[in-house]
Amino acid sequence: MTNSWVDIKNADLILVMGGNPAEAHPCGFKWVLEAKAKKKARLIVVDPRFTRTAAVADIYAPLRPGTDIAFLGGVINYLLTNDKIQHDYVKNYTSAALLVREDTGFEDGLFNGYDEAKRSYDKSTWTYQMDKDGIAKVDPTLQDPNCVFQRMKKHYLRYTPEMVERTTGTPKASFLKVCEAIATTAVPDRTMTSLYALGWTQHSVGSQNIRSIAILQLLLGNMGMAGGGVNALRGHSNIQGLTDLGLLSHSLPGYLTLPTDGDPDLKTYLEKRTPKMTRPGQFNYWGNYPKFFVSLMKAWYGAAATKENDWAYDWLPKIDGAYDVLRVMELMSQGKVNGYVCQGFNPLSSFPDKAKILGGLRKLKFLVTIDPLVTETSEFWQNHGEFNDVDPAQIQTEVFRFPSSLFAEENGSLVSSARWLQWHWKAAEPPAEAKGDLEIVADLYLALKKLYAKDGGAHPEPVLKLAWPYRIATAPAPEEVAREFNGSALADVPDPKNPGAFLVKQGEQVPGFGVLQADGTTACGCWIFAGSWTQAGNQMARRDPADPSGLGVTPGWAWSWPANRRVLYNRASCNADGVPYIPTRKLIWWGGTKWLGNDVPDFKADSAPADGMNPFIMNGEGVARLWAPAMADGPFPEHYEPFDTPLAKNPFGKVLNNPAARVFKDDWKAFGKPDEFPFVATTYRLTEHFHFWTKHARIPAILQPEAFVELPEGLAKKKNIRNGEMVVVKSKRGQIKLKALVTKRMPTLTVEGKEVEVVGLPIHWGFVGQTRKGFITNTLTPPVGDANIQTPEYKAFLVNVEKA
Amino acid sequence: MQVSRRGFLKITASGIGATTVGALGFSAERAVADVRLFKLAHASETRNTCPYCSVGCGVIIYALGDRSKNARSEIMHVEGDPDHPVNRGTLCPKGASLLDFIHSPTRLKFPEYRAPGSAEWKRVSWEWAIDRVARLMKEDRDKNFVAQNAKGQTVNRWNTTAFLAASASSNETGYVFHKVIRALGGVAVDNQARV
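If you're matching them up, the sequences are chains A and B in order.
Going by this note's numbering, the first sequence opens with residue 355, and the numbers climb by one from there.
Going by this note's numbering, the second sequence opens with residue 179, and the numbers climb by one from there.
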């Protein structure tokens, strides 16, 4: 979230699309109700199902799964053609005025530079026009046909209300009602907040769904504002934290990135990742990349990381391509993965196309699961009748199951969706021989270290020299680890502005990332977490709920990254002169000599408005990117059909599916066609269950004891299926048997002149736990991911439904 | 007048009826309520965070046991933390049943091992299991570690054992897991953020 849960109360309008917080995030959704009750805020819900969130909406619009870009593109076109944008904001704070190269363009559904054989783009022309000093050219009048604003206007002209209706199935009148409501927030003193979740990310165009809302919110001037923002309602309790800590194949902590084969030495690595300023006078905060990186290596390798060995650069693995979970499963099914260590993860239930996952797991030499609960994955080799029909004798994988503790049995911190790091305390010991995750990881590492010390082996140095400064080596204390990722000074760090004084003294915890150095005098395990455990102690454990501004900032409750800042980009809540756009919702303001605020200013503290520095300080241009050349599938979002689509042709262009989405050779045959699988399906979650855990807990298991499929009345009637009857749901990947729940919640949609029925599939059952046994829903879902980050397309695919 | 649970049981056990209890200056109903209060009042309170979604609701865990050296805490109740600025004491159906997650009958208690081709789990010791996994990992790493790519550049990666990290584990666990994986040269690592 750019903003926070409580900040939702400041909104004038709330757009829920791609999420269902009333059921999936109920206690956060209360702040939507607060805004409605206290501020007369209006709620818009756009969703294939009439959810419980929709039930309290002022405007509900249905849409076909997988057509969000068409819908949002339609809204963007409405705003641009009806001149409903926040002009001052768009001109000053976005890339609208920047000129892009003349030879870059878009035709027939493709941006330029497409290579069909590689299914990827050569993006070298997707850049700004630069002057000889490397500064991007601008046209402040926004009239140049190559300025981002004109390019965008042209791109979205095709997204007319008629095209939206034809593609999404949303009735034109409902769509226009949504547009009109959203357009009311284009004035400077009204805001819309956007709340989304997996309903936007789990598509082959997932990242571009998010790009679409980013563009929309920028045009409306809603970024950085109290009651605005783009707010991802994240899933697991620490999914934000694990992302922040870089536990993704290509990442390092704090959104640094793992070196690749193209970065043979430290110099090349740092040069590529340290951006240059592309507009004059900007902060360009990523210019500090070397400080963050060297401090990380000092935290990981201590004294063994030296200037001479390039801070142990060679000890980091260089990645040679994608190792996201879909690719790892592909490699596994080819027999190229031997071991799999799953900590608190249940891939057999969670990943798409269960048959492919099962086929991969059985080729492993060994599987280790670390979990408080029995998981389907840990028992993939066991015969559970029709739910998991395997012959154990045919599966040669060695399987280890390590019992771990859970939240109530440990100290530690989690990062909420609002970027708050909240500390929690241990209430009891884990049962029997179960152990803390930290201890299990330590045991495994120390056993490996011992073997490498004794017997040697491949490249033992990093294993032997990894910093392990924990008082009890086998049980690192969470407090010690938290201090490590905050960071500390390894030598006195002089204050450049104040000779004789020091920013931080040797041995002290760093107060924030502003003091980190690239010369080895500071160590910091995750630069964005710097400030969470300072000399003043554990800031994550703070419990002052006071909210002096009344804006829901609560600066003394826990600690928010970065720098305890609660609303990202908050400099953009003020105009160019540093005066808040909304006087009654002041987050920060220019105080004459420095920035002051109810929140921590997201800006250079002493940069006066007259200096011309812009609010989006992480970008070399200083402004927000309406044009995003880093995207794999185009600088602007474009509508493409899901890989399982009910249409023969994309209404918007010649290219049917996302041309940059990766599809493995053998998976092309895994996609279904509408003649065989005529219904659109989407997976979802129930308010009584959390993924595959709560089926192990008695009360949720009683509340929702059995797998079901939600069928619209029209479909049930056509197929002569009555409520409560057993049905078989089939996709190209497999079939499952479960009960039918016939509802009025999914209206029949008319798309390209034909009727489209949508089927809903909750995901929560499996063959272990306290509920009745059920089939794994992901038996049905397709093995294709988003073009940028490979999140699987769980939300839009094709099925058929028959009586069992 | 205050009466302890044991005292109240003594009063009732000694055959004095409710009327007589009433004559002592408190009603039986009130006394029963006090008994309920007594159980919670002697519980240890621990502040924690709901482990399910990332609203990050504050919870209070009540456990029997006073945290003294030889006492083993037994969690008996979990409820919303009224001081928490987001959930203000409320919980959803999932959070409200956290006690059943903690005490789930399908919680794992011992390390277990399934041998190739076997149809059964076998309980094993931590020492044996950690040693066996470490040896399997080392064997795979030593055999398949890529020190240099085809161009002769140093790449130091290990891509034949993959890792998944839990998005419900703490930052501290995630951080240490990450540094260990990269020290081994691991490149195939993800968490639930991708799915």
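If you are wondering where the hints come from, they were derived from the structure by calculation, not from laboratory data.
Computed from a predicted model, the values in this text were never measured in an experiment.
Check before you lean on any hint, since a few could be wrong.
As the list claims (entries may be wrong) - Dumping the calculated DSBU-like pairs for lysine-lysine here, alpha-carbon to alpha-carbon at most 30 Å: (1) A:Lys717 to B:Lys247; (2) A:Lys1127 to A:Lys1071; (3) A:Lys390 to A:Lys940; (4) A:Lys1019 to B:Lys321; (5) B:Lys316 to A:Lys819; (6) B:Lys329 to A:Lys789; (7) A:Lys472 to A:Lys1086.
Here is how each hint holds up against the structure:
no.	hint	verdict
1	A:Lys717 to B:Lys247	violated (47 Å)
2	A:Lys1127 to A:Lys1071	holds (28 Å)
3	A:Lys390 to A:Lys940	holds (21 Å)
4	A:Lys1019 to B:Lys321	holds (28 Å)
5	B:Lys316 to A:Lys819	holds (17 Å)
6	B:Lys329 to A:Lys789	violated (44 Å)
7	A:Lys472 to A:Lys1086	holds (25 Å)
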